[in-house]
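Chains H and S are the protein sequences, given in the same order.
FYI, the numbering for the first sequence is 126 to 436, going by the numbering used here.
FYI, the numbering for the second sequence is -9 to 93, going by the numbering used here.
Honestly, the hints are just simulated from the structure, not real lab data.
All of these numbers come straight from a predicted model, not from anything done at the bench.
The beta carbon of each residue, even a glycine, is placed where N, CA and C say it ideally should be.
Among the hints, erroneous ones may be present.
Straight-line C-alpha distance at most 27 Å; calculated BS3-like pairs for lysine-lysine [said to hold, decoys possible]:
#1 S:77 - H:194
#2 S:70 - S:41
#3 S:41 - H:208
#4 S:70 - H:194
#5 H:382 - H:210
#6 S:83 - H:369
#7 H:239 - H:298
#8 H:326 - H:339
#9 H:239 - S:77
#10 S:-3 - S:41
#11 S:34 - H:334
A few chain S positions that, by computed beta-carbon distances, are all more than 12 Å from chain H [to be verified]:
#12 5
#13 9
#14 58
#15 85
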Amino acid sequence: MIHDLIIIGAGPAGLTASLYASRYQIPHLLIGSQLGGAIVWAAMVENYPGFELITGADLAQKMIEQVKKFGAEIKNTSVLEIKQKENIFELKTENDEIYEAKTLIFATGTQRQKLNIPGEAEYLGRGVSYCATCDATFFKEKIVAVVGGSNAAVTSALHLAALAQKVYLIYRKKPLRADPIWQERAQKNSKVEIIYETNVKEVLGDNQKVTFLKLDKVYQGNEQLKVDGLFIEIGGQPGTELVKNLSVELDGEGYIKVKPDMSTNIPGIFAAGDVANAFGEFRQIVTATSEGALAANSVYQFLKGGKKCPD
Amino acid sequence: MLVLTDKNFGDEVLNSKIPVLVDFWAPWCGPCQMVEPMIEELAKEFNGKVKVGKLNVDENPQVSVKYGVMSIPTVILFKKGKEVGRKVGFEGKETYIKLISNF
Chain H
126 MIHDLIIIGA
136 GPAGLTASLY
146 ASRYQIPHLL
156 IGSQLGGAIV
166 WAAMVENYPG
176 FELITGADLA
186 QKMIEQVKKF
196 GAEIKNTSVL
206 EIKQKENIFE
216 LKTENDEIYE
226 AKTLIFATGT
236 QRQKLNIPGE
246 AEYLGRGVSY
256 CATCDATFFK
266 EKIVAVVGGS
276 NAAVTSALHL
286 AALAQKVYLI
296 YRKKPLRADP
306 IWQERAQKNS
316 KVEIIYETNV
326 KEVLGDNQKV
336 TFLKLDKVYQ
346 GNEQLKVDGL
356 FIEIGGQPGT
366 ELVKNLSVEL
376 DGEGYIKVKP
386 DMSTNIPGIF
396 AAGDVANAFG
406 EFRQIVTATS
416 EGALAANSVY
426 QFLKGGKKCP
436 D
Chain S
-9 MLVLTDKNFG
1 DEVLNSKIPV
11 LVDFWAPWCG
21 PCQMVEPMIE
31 ELAKEFNGKV
41 KVGKLNVDEN
51 PQVSVKYGVM
61 SIPTVILFKK
71 GKEVGRKVGF
81 EGKETYIKLI
91 SNF
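Extracted from the complex, chain H is given alone in its bound form:
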């Protein structure tokens, strides 16, 4: 069976694309490994119209319910590979199933940027974490480090400081790039110690859990910093692994280049949400949902053989 459309990614962009595709009666499939996408890490969402305050996970669940109610089928798995065979795209998933589609919408978002240093993967879940709100509780009265200088890094450090004995905030540059209000709060917090112009080179442990970080320069007479945990908050990278062998054009930062109608340089392939370069660095739930809607509309036009966006 050849689907008219397969949407890859189950965050706000993919879910909204599915809603609109259902409204246009486009038979389609939604495939995503992380249901809800990046918003599920958001403890508080206060800028999505209609909800004064909602958790990202609750908002995601509402979107998923709505998508299912509209009749779409969601496959909760990863796409491993995509091949183009003339005008058909063939997708292989983690559970070794093959799906075919006439059009694709990439709504694969961004993945958390890793430090890519020795010990990072080994101690994931044993001291290394990418979610301070999830894991702060395991570090009550312990010593932790946060890597990064953004709003996310500083707010994570402050969140951890409420429970931990001490929080090192390690940033490769100086000053921090977080908003002034967050910088000020970090500097005033007696538990937060900021280490500027320093990189973490290696995560060391006792095979059970993290014990030390190796730094690229001496700090207070030592190259090793004693910690129980390391929180990595250095931003995201676009989820474009799958598009690379499809010759989809990326911008200088690695995001998928889209035209105003969310089409890409490859006919039949569209992109929406954080993975697309539509709004530059402005990546919001509202921009993701609007891009998803737009992409579904463009797929509808494309399948009808209608208007095409000029280059």
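Got chain H sorted already, so can you dock chain S onto it with the hints?
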């Protein structure tokens, strides 16, 4: 779904005759909220073959510390009282099915 605690963990998990899949979670953890419905589906799909339970890490520190759980969601598969597989982080349902089928 089966609610596991520091008290019943020995009886329900370590002494279980069939494998047990344990979902370590906490109420404030967003990804955990998304994983929970999948785990519930697995409980139904593997009914009789694999026991499935969830353990609140905040209320049950002993088990969490014993198994070195320091990040949630973490899902661990136990067989004959021993850990045989573990997935840390926000994963899709297929990943957990694979975790079970590998053993």
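To see whether the hints hold, each was checked on the structure:
1. At roughly 30 Å between alpha-carbon atoms, residue 77 of chain S and residue 194 of chain H are farther apart than 27 Å, so this suggested pair is violated.
2. Of the pairs offered as hints, the one joining residue 70 of chain S and residue 41 of chain S holds, with about 12 Å between alpha carbons and a cut-off of 27 Å not exceeded.
3. Restraint check for residue 41 of chain S and residue 208 of chain H: the C-alpha separation of about 39 Å exceeds 27 Å, so the hint is violated.
4. Simply put, residue 70 of chain S and residue 194 of chain H have alpha-carbon atoms about 41 Å apart, too far for the 27 Å limit, and the pair is violated.
5. Only pairs whose Cα atoms come within 27 Å are accepted, and residue 382 of chain H paired with residue 210 of chain H is accepted, the gap being roughly 22 Å.
6. Taken as a hint, the residue 83 of chain S and residue 369 of chain H pair is honoured in the structure, with Cα atoms around 26 Å apart against an allowance of 27 Å.
7. Proposed proximity of residue 239 of chain H and residue 298 of chain H is supported: the alpha carbons are some 18 Å apart, at most 27 Å.
8. Distance hint between residue 326 of chain H and residue 339 of chain H is fulfilled; the C-alpha atoms sit about 5 Å from each other, no more than 27 Å.
9. Restraint check for residue 239 of chain H and residue 77 of chain S: the C-alpha separation of about 18 Å stays at or below 27 Å, so the hint holds.
10. Pair hint residue -3 of chain S plus residue 41 of chain S holds up; C-alpha atoms about 17 Å apart against a cutoff of 27 Å.
11. Restraint check for residue 34 of chain S and residue 334 of chain H: the C-alpha separation of about 34 Å exceeds 27 Å, so the hint is violated.
12. Consistency note on residue 5 of chain S: stated as away from chain H, and its beta-carbon is indeed over 12 Å from all of that chain's, at 25 Å minimum.
13. Listed as a non-interface residue, residue 9 of chain S keeps its Cβ farther than 12 Å from every Cβ of chain H; the least gap is roughly 20 Å.
14. Against chain H, the non-interface label of residue 58 of chain S is violated: not every CB pair exceeds 12 Å, the least being about 6 Å.
15. Separation of residue 85 of chain S from chain H is inadequate, the least Cβ-Cβ distance of about 7 Å not exceeding the 12 Å criterion.
Going down the numbered hints, you'll see the structure goes against 1, 3, 4, 11, 14, 15, while the others check out.
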